[in-house]
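Number of protein chains: 2
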Amino acid sequence: MEQIFTYGQLYSFANKIFLSIGCSETDADTATKVLLSADMRGIDSHGIARLSGYVRLWEAKRVNAKPQIKIIHQTPSTAVVDGDSGLGLVVAPFAMQIAIEKAKQVGTGWVSVQNSNHFGIAGYHAMMALQHDMIGMAMTNASALVAPTFSKERLLGTNPICVTIPAGEEPAFIADLATTTAANGKLEILQRKNSAAPVGWIQDKEGNSTTDAHALKNGGALLPLGGDRDHGSHKGYALGAIVDIFSAVLSGANYGPWVPPFPAYVPMPENQPGKGIGHFFGAMRIDAFRSADEFKSNMDNWIRRFRSAKTVEGEDKVIIPGDPEREMETIRMQNGIPLLPAVVEDLLKLSDKFSIPFS
Amino acid sequence: MEQIFTYGQLYSFANKIFLSIGCSETDADTATKVLLSADMRGIDSHGIARLSGYVRLWEAKRVNAKPQIKIIHQTPSTAVVDGDSGLGLVVAPFAMQIAIEKAKQVGTGWVSVQNSNHFGIAGYHAMMALQHDMIGMAMTNASALVAPTFSKERLLGTNPICVTIPAGEEPAFIADLATTTAANGKLEILQRKNSAAPVGWIQDKEGNSTTDAHALKNGGALLPLGGDRDHGSHKGYALGAIVDIFSAVLSGANYGPWVPPFPAYVPMPENQPGKGIGHFFGAMRIDAFRSADEFKSNMDNWIRRFRSAKTVEGEDKVIIPGDPEREMETIRMQNGIPLLPAVVEDLLKLSDKFSIPFS
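In order, the protein sequence lines correspond to chains A and B.
For what it's worth, my numbering labels the leading residue of the first sequence as 38, then goes sequentially.
For what it's worth, my numbering labels the leading residue of the second sequence as 38, then goes sequentially.
Each hint should be verified, as a subset may be incorrect.
Remember, identical chains collapse to one label, so a pair may be satisfied in a single copy or spanning two.
[As the list claims (entries may be wrong)] No more than 25 Å apart at the CA atoms, straight line, and that leaves these computed lysine to aspartate or glutamate pairs for DMTMM-like:
1. LYS141 x ASP324
2. LYS107 x GLU62
3. LYS223 x ASP265
4. LYS223 x GLU382
5. LYS347 x ASP330
6. LYS70 x ASP249
7. LYS386 x GLU96
8. LYS347 x GLU364
9. LYS107 x ASP121
10. LYS223 x ASP267
11. LYS354 x ASP265
12. LYS242 x ASP267
13. LYS70 x GLU362
14. LYS354 x GLU366
15. LYS312 x ASP324
16. LYS333 x GLU362
17. LYS390 x ASP81
18. LYS230 x ASP330
19. LYS103 x GLU362
20. LYS347 x ASP249
21. LYS70 x GLU96
Keep in mind that the hints were calculated from the coordinates and are not lab data.
Could you build all of it, start to finish, from the sequences and the hints given here?
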């Protein structure tokens, strides 16, 4: 049975945990907000369920709770940020803010980040641009779970891309997508139910297509968006590769099979070519292209035309990217956030460890 | 039977055709090079096979052979270009050159284009960045052939994205992909053979999945990368939408169902919200992030690790984006360019019309 918590309850607990591992008040607040934005938007795999994972990374000394995050190279429209092994939850908003400041100055800003850790949902960071009438972008690499087309080796993470685009009267367009057929979180749901996965989601350790949802644990791999060559998996692979290169080869972070794993018990890959995990952020001021008002009224027109398109039988409406997460946010704001028993148990263990009440 | 032509033969003919419709010598040269780069790279659907299509657009007064292409808005890192209804083959390199010049000045350059026409292959334009040690990007919208997830209406073009990334000793990484499961050109091959299309490529006019390769002609639609909701088609749809918005909502071109069609006999959509077709270009100077030498040696490492990855049974090697097109270019440089009888016939008609010998 799921248990329901308010945003306030989860905020208070997570914030105290981040303070307990040594984060500054500002950083603990930021990290908590980024983490919980995932729960609020219904992306439960990236929310408070991961809190204990971040703590274990800190215990393993892979996360520095007091990082000196800094710019190590820049031009008027670009920067490279060294995250000093900080929580990605803190490093990412820092870097995105730099992209926004540069966009204010010269129209656009582009920031590649090295020496970071997992940054939560890409959406939080890219959405920071919206309030400034800017288009926002966020991407990150991650430890390898995905096999490139024709390979049986895992060489790429699920490497998400998020693009946020402001509108006028309509809510913003927010596309936040892993470059795989299915996110790992969806596969985990099938694993818990012992259900079969659709063809095109995963392959076994020999690289054969399989519907066994447990194949990933047994040396298999997630498949790039497209699923197989006939259905364009080389395109999903190329997109995941672009995210990897922008995030890590451009910044000096680790890429491909060398990206540090999220579970602290998994050994670090050997012969790493860079530092930590890499991210990439972008901000483009709308009025660096045309009047923001004109743009927004055209975005409203775009959104309305697509949302009112004729649907196939059995479907209500065409979804605009960002609709489902925004609707979930409204529901959870009113009804609270449901957590699975395993997640609650995990948080109770943290509660014990740090003597911080959780209820 | 295919007939073989040298690059020189096709260059000479196409160049004279562009001169005949009134292009300047410089523009005719550029348009010819862009067009033939598709044939050389094996993307036959976007090459000289389309020459007569461009001529028909000019005859229909939808293409202006003597455009005054100009910047209508700019900041240090951005510009909007008005293509003055010129050939996209000419407007696109002009705009990409502006992106490159801005990147020289402030690290990156981003150019959105209105009032243009079809620009050939995205790869040509994005590759212009490589010789400057820059990452290049090119995208364009196109007339609607693709249904968003859950819709039975065609609202998006095949909206390609190209990203080119320089390497050191290895050839550059060049990903050039339509945001659909399969390019229209591949479907046309199946139509000619009366073969079935794989599930996930197209739907019929009611939005039902079909393997009938002719469904597109009968009111059906191409499907976004992913194919269906279970396999991530909402991601392909989001990517196509981003291309549409960056290319057209940002520039003031037409978007969604209002994009002008390539075939001159198809009527223009009514109530168009913008001007012509839209494109979007980007250039990022590598050394705006880190030393170009360091970057390139890491790109070589990335490419070698992926190319030498263990393959699934029956496959030789993992392909790096750009490999197949580069290999085709080498072959066609040596052996010439094969053209289908229908294409040769089409060119012979042009030859007659303009009294320009073709052989």
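Here is how each hint holds up against the structure:
Taking CA atoms no more than 25 Å apart as the test, LYS141 paired with ASP324 passes in both settings, with 10 Å inside one copy and 22 Å between copies. Taking the shortest Cα distances, LYS107 and GLU62 sit within 25 Å of each other inside one copy (19 Å), while across copies they are farther apart (51 Å). In this homomeric assembly, LYS223 and ASP265 come within 25 Å of each other (Cα to Cα) both inside a single copy, at 19 Å, and across copies, at 16 Å. Taking identical chains as interchangeable, the C-alpha atoms of LYS223 and GLU382 lie at most 25 Å apart only when both belong to the same chain, with a minimum of 21 Å there against 52 Å between chains.
Taking the shortest alpha-carbon separations for LYS347 and ASP330, neither the intra-copy value of 28 Å nor the inter-copy value of 52 Å comes in at or below 25 Å. Proximity of LYS70 to ASP249 under the C-alpha cut-off of 25 Å is found in neither arrangement, the shortest distances being 36 Å within a copy and 49 Å between copies. In the homo-oligomer, the alpha carbons of LYS386 and GLU96 lie at most 25 Å apart inside one protomer (15 Å), although the nearest pairing across protomers, at 75 Å, exceeds that limit. In this assembly of identical chains, LYS347 and GLU364 lie within 25 Å of each other by CA distance solely inside one copy; the values are 21 Å within and 43 Å between copies.
In this assembly of identical chains, LYS107 and ASP121 lie within 25 Å of each other by CA distance solely inside one copy; the values are 8 Å within and 45 Å between copies. Taking CA atoms no more than 25 Å apart as the test, LYS223 paired with ASP267 passes in both settings, with 23 Å inside one copy and 11 Å between copies. Taking the shortest alpha-carbon separations for LYS354 and ASP265, only the inter-copy value of 15 Å comes in at or below 25 Å, while the best intra-copy value is 29 Å. Both within a single protomer and between protomers do LYS242 and ASP267 lie at most 25 Å apart by alpha-carbon distance, with minima of 20 Å and 23 Å respectively.
With identical chains, the CA atoms of LYS70 and GLU362 are at most 25 Å apart within one copy only, with a shortest distance of 16 Å there and 46 Å across copies. When the C-alpha separation of LYS354 and GLU366 is checked against a cutoff of 25 Å, the pair qualifies only within one copy, where the shortest distance is 19 Å, while the shortest distance between copies is 45 Å. For a Cα distance limit of 25 Å, the shortest separation of LYS312 from ASP324 across copies, 19 Å, qualifies, whereas the shortest one inside one copy, 36 Å, does not. Taking the closest pair of Cα atoms, LYS333 and GLU362 come within 25 Å of each other only inside a single copy of the chain (21 Å); across copies the shortest separation is 39 Å, beyond that limit.
Taking the shortest alpha-carbon separations for LYS390 and ASP81, only the intra-copy value of 23 Å comes in at or below 25 Å, while the best inter-copy value is 64 Å. Taking identical chains as interchangeable, the C-alpha atoms of LYS230 and ASP330 are never at most 25 Å apart, the minima being 49 Å within one chain and 50 Å between chains. For the homomeric pair LYS103 and GLU362, neither the shortest alpha-carbon distance inside one copy (32 Å) nor that between copies (48 Å) is at most 25 Å. With identical chains, the CA atoms of LYS347 and ASP249 are at most 25 Å apart between copies only, with a shortest distance of 22 Å across copies and 36 Å within one.
For the homomeric pair LYS70 and GLU96, the shortest alpha-carbon distance inside one copy (22 Å) is at most 25 Å, but the shortest distance between copies (59 Å) is not.
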